[in-house]
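Asks: Chain by chain, the residues:
Protein chains: 2
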Amino acid sequence: MDITTQLEFIKKGTAEIVPEAELFQKLEEAGRQKKALRIKLGVDPSSPHIHLGNAVVIRKLRDFQQLGHQVVFIVGDFTGRIGDPSGRAATRRQLSEEEVKTNMATYKEQVGRILDVEKTEFRCNSEWLGRLTPFEIVKICSFQTVARMLERDDFSIRFKESRPIGIHEFLYPLFQGYDSVAIRADVELGGTEQKFNLLLGRELQIYYGQKPQVAVTMPILVGIDGVKRMGKSLSNYVGITESPKEIFGKIMSIPDNIIVHYFELATEISSSDLEKIKTALSKGENPRNFKARLGKEIVSLYHGKAAAEKAELEFDRIFKEKGLPEKIEEYRIEAGKKIWLVRLLVETGLVKTNSDARRLIQQGAVEIDGEMISDIEKELSLKKPIVIKVGKRRFLKIVPK
Amino acid sequence: MDITTQLEFIKKGTAEIVPEAELFQKLEEAGRQKKALRIKLGVDPSSPHIHLGNAVVIRKLRDFQQLGHQVVFIVGDFTGRIGDPSGRAATRRQLSEEEVKTNMATYKEQVGRILDVEKTEFRCNSEWLGRLTPFEIVKICSFQTVARMLERDDFSIRFKESRPIGIHEFLYPLFQGYDSVAIRADVELGGTEQKFNLLLGRELQIYYGQKPQVAVTMPILVGIDGVKRMGKSLSNYVGITESPKEIFGKIMSIPDNIIVHYFELATEISSSDLEKIKTALSKGENPRNFKARLGKEIVSLYHGKAAAEKAELEFDRIFKEKGLPEKIEEYRIEAGKKIWLVRLLVETGLVKTNSDARRLIQQGAVEIDGEMISDIEKELSLKKPIVIKVGKRRFLKIVPK
Chain A
1 MDITTQLEFI KKGTAEIVPE AELFQKLEEA GRQKKALRIK LGVDPSSPHI
51 HLGNAVVIRK LRDFQQLGHQ VVFIVGDFTG RIGDPSGRAA TRRQLSEEEV
101 KTNMATYKEQ VGRILDVEKT EFRCNSEWLG RLTPFEIVKI CSFQTVARML
151 ERDDFSIRFK ESRPIGIHEF LYPLFQGYDS VAIRADVELG GTEQKFNLLL
201 GRELQIYYGQ KPQVAVTMPI LVGIDGVKRM GKSLSNYVGI TESPKEIFGK
251 IMSIPDNIIV HYFELATEIS SSDLEKIKTA LSKGENPRNF KARLGKEIVS
301 LYHGKAAAEK AELEFDRIFK EKGLPEKIEE YRIEAGKKIW LVRLLVETGL
351 VKTNSDARRL IQQGAVEIDG EMISDIEKEL SLKKPIVIKV GKRRFLKIVP
401 K
Chain B
1 MDITTQLEFI KKGTAEIVPE AELFQKLEEA GRQKKALRIK LGVDPSSPHI
51 HLGNAVVIRK LRDFQQLGHQ VVFIVGDFTG RIGDPSGRAA TRRQLSEEEV
101 KTNMATYKEQ VGRILDVEKT EFRCNSEWLG RLTPFEIVKI CSFQTVARML
151 ERDDFSIRFK ESRPIGIHEF LYPLFQGYDS VAIRADVELG GTEQKFNLLL
201 GRELQIYYGQ KPQVAVTMPI LVGIDGVKRM GKSLSNYVGI TESPKEIFGK
251 IMSIPDNIIV HYFELATEIS SSDLEKIKTA LSKGENPRNF KARLGKEIVS
301 LYHGKAAAEK AELEFDRIFK EKGLPEKIEE YRIEAGKKIW LVRLLVETGL
351 VKTNSDARRL IQQGAVEIDG EMISDIEKEL SLKKPIVIKV GKRRFLKIVP
401 K
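Chains A and B, in that order, give the protein sequences.
Letter 268 of the first sequence, counting from 1, is numbered 268 in the numbering used here, and no numbers are missing.
Letter 322 of the second sequence, counting from 1, is numbered 322 in the numbering used here, and no numbers are missing.
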């Protein structure tokens with residue numbers, strides 16, 4: 001492949017390459033000198049489950065790997081300890097060496113579904129960060145200003161809203177940047193929210209007299225709720241090691257407006273196929289068919305084609321058995337808020353009065369997710385969507401938000 | 001001495017004691033348990049010359065020492081490396097161990113003129129700060145927020161004015177605070193500008209499960225220019241190991257409006273004597289007499305009474321020999337700016353025209369600090385005041401600002 005074709009191959013699906021001209025140069029130089037570029041990805045070891053959102057970035061790593069470059073997978077066992085910003089009392093628990101090893105093994109196993117692990121360099125950043133002298137840390141900190149750090153979107157918002165930012169949180173991006181220095185990265189990958197950190201790594205490399213890395217950012221995959229970014233803590237994710245059945249089912253539950261987004265970021269279909277799907281959807285073809293295809297494409301990636309076919313069949317069978325219609329209207333309620341079932345039935349218009357609701361419950365005519373409810377005092381507090389069935393034909397999906 | 005008397009003794013001359021009630025408790029407890037309180041002072045080793053401004057704080061340490069408490073003198077060889085905030089390119093040079101030892105010896109020698117060094121504990125903070133693990137540093141940083149740190153006056157001003165603050169500068173007060181943890185300080189002394197740092201040390205001790213120190217701040221001594229605080233880098237200072245002649249001469253040069261301020265902070269005169277001086281000055285007595293007394297008081301403190309008497313006599317003799325009047329008018333010019341002597345003579349009104357000035361110079365009628373000037377092209381660039389004499393009676397003191 002010539003350099004332009006390589007660059008096109010890498011560019012596909014990325015959000016941004018900063019600076020693109022430098023990547024071209026690096027690819028060219030690597031080709032000329034027959035040496036591999038070092039492609040960095042850092043991950044937080046506290047949640048070792050890889051989901052489709054993570055996979056967007058890891059699949060891009062694989063593209064580099066396929067071009068013969070050296071992927072360096074950094075498990076942030078040190079930076080992971082600094083942890084997330086929310087509230088200084090909530091200092092994250094230190095991971096033991098044992099736990100890090102276990103998570104590392106889990107990672108390798110999962111990443112192996114995407115990357116060639118034999119050709120991948122796995123590193124823990126405690127290896128170099130844990131050995132920094134206090135003076136070296138001072139030196140790293142002296143390289144960046146407070147004002148510049150506060151330009152980062154999340155910091156700037158929190159600062160403006162007077163929400164606390166621990167000083168140690170400023171160390172996080174600096175340490176992440178130092179990772180690039182330690183492994184002499186040529187390219188670092190991340191989601192678009194990582195742009196600031198990736199560019200900071202670039203600057204830190206210059207500060208340490210190295211050639212700066214190129215930042216390659218990937219778009220953020222939205223969660224299956226269609227609202228927030230896919231994240232482990234948000235339970236709106238699809239893990240790549242979940243069973244074919246689970247993956248397929250979750251994909252069938254996504255809102256129609258993110259079908260194309262998922263085809264783009266979570267599958268390997270060609271651009272022309274993608275265009276055909278867009279056209280068909282805009283012409284009003286039933287989205288359900290495309291969700292089914294999407295589900296199969298994604299299951300195929302991590303479990304193979306046969307498993308994907310099977311998952312679809314099984315899904316259809318269960319769906320029919322439960323007697324659910326293909327399209328159910330949705331009603332949104334506040335997540336986690338307690339609500340009396342009787343009241344909910346009236347509020348949603350499924351029944352007209354409280355006494356109607358009580359009578360129907362007592363007659364066994366109200367089901368939640370296929371299960372008959374007989375307690376007229378029943379209260380709900382929803383974290384995930386449920387389907388309520390009243391009588392034989394009235395269905396409503398209740399979605400917490 | 002009972003506790004109330006002790007407290008009064010300590011309070012004398014201080015700016016603030018935070019919280020005073022806790023100091024009372026600590027003094028009481030120390031008395032009851034017959035144990036000494038640990039009184040901390042941290043100093044920057046980069047300028048080992050102790051001046052009258054530093055002495056204000058060190059003399060207060062001596063008060064504690066006289067009450068039987070343990071003075072802990074911390075040389076900030078580690079924090080000194082972090083250095084002053086101005087500009088990240090200007091990272092301060094690391095001090096070698098050799099230099100630290102030399103400075104430490106110099107310190108001891110100077111401090112010995114105020115404190116009983118045999119009873120003083122001298123420590124270098126690299127002893128504990130240099131051994132901090134990266135994770136411990138993260139922990140220390142996690143204890144304070146960015147917003148809180150930006151409340152510190154100097155940071156807040158620089159932040160508002162968009163002047164850069166290096167992230168390492170946030171480490172400085174945290175490390176200084178950690179010094180209090182390391183030596184288990186009961187009291188920390190400092191100038192009023194140190195209040196934020198002293199209170200931060202207090203909070204950090206609580207964070208580490210220790211009893212918090214009491215912050216004792218001392219007023220800032222203004223420099224002999226009467227404008228800025230006394231500081232080594234500002235050359236407006238009087239070093240306590242300077243010769244009696246130098247000290248006396250510098251004191252004689254201070255502006256009248258800081259005479260009382262110096263009596264209050266730089267001498268040991270009683271409150272009643274101070275009142276008498278204030279009254280006399282307000283009644284119009286010649287300030288020169290009080291400056292001479294001030295000079296003698298200060299020289300006595302560091303060189304003894306005899307040296308003080310001698311310094312005064314010598315000063316008077318030189319003054320008379322030079323034939324300078326007791327009172328010379330002052331004229332201010334920009335410090336360091338080049339100015340042609342001829343132009344200066346005209347500008348100040350000492351002569352009327354450039355040609356007058358040239359003629360007088362050629363006739364040998366112009367002197368600077370007692371030295372005849374004959375070069376009509378002479379240019380000046382002033383860093384310290386000079387006295388220009390034109391003819392026999394015209395004197396003018398030129399003061400750079």
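Accuracy of the hints is not assured; some may be wrong.
Listed next, the in silico DSS-like pairs over lysine-lysine satisfying Cα-Cα at most 30 Å (straight line) [as the list claims (entries may be wrong)]:
id: 1; chain 1: B; residue 1: K383; chain 2: B; residue 2: K310
id: 2; chain 1: A; residue 1: K195; chain 2: B; residue 2: K291
id: 3; chain 1: A; residue 1: K195; chain 2: B; residue 2: K139
id: 4; chain 1: B; residue 1: K291; chain 2: B; residue 2: K276
id: 5; chain 1: B; residue 1: K276; chain 2: A; residue 2: K101
Partner residues are not named here, just some residues of chain A that face chain B (Cβ under 7 Å, in silico) [what the hints assert, rightly or not]:
id: 6; residue: V138
id: 7; residue: V146
id: 8; residue: G166
id: 9; residue: I167
id: 10; residue: H168
id: 11; residue: N286
id: 12; residue: S374
id: 13; residue: V399
id: 14; residue: P400
Please keep in mind that the hints were generated in silico from the structure rather than gathered at the bench.
Virtual Cβ for every residue (Gly too), placed ideally from N, Cα, C.
Asks: Each hint should be assessed against the structure and marked as holding or not.
Replies: Verification of the hints:
1. B:K383 <-> B:K310: Holds. K383 of chain B to K310 of chain B sits at ~29 Å (cutoff 30 Å).
2. A:K195 <-> B:K291: violated (64 Å)
3. A:K195 <-> B:K139: holds (26 Å)
4. B:K291 <-> B:K276: holds (14 Å)
5. B:K276 <-> A:K101: violated (78 Å)
6. V138: Since chain B brings a Cβ to about 5 Å from V138 of chain A, closer than 7 Å, the hint holds.
7. V146: holds (4 Å)
8. G166: Status holds, d = 5 Å.
9. I167: With Cβ-Cβ at 4 Å, under 7 Å, it holds.
10. H168: Since the shortest Cβ distance to chain B is 4 Å, the answer is holds.
11. N286: violated (52 Å)
12. S374: violated (52 Å)
13. V399: violated (37 Å)
14. P400: violated (33 Å)
Taken one by one, the earlier hints fail for this structure at numbers 2, 5, 11, 12, 13 and 14, listed in ascending order.
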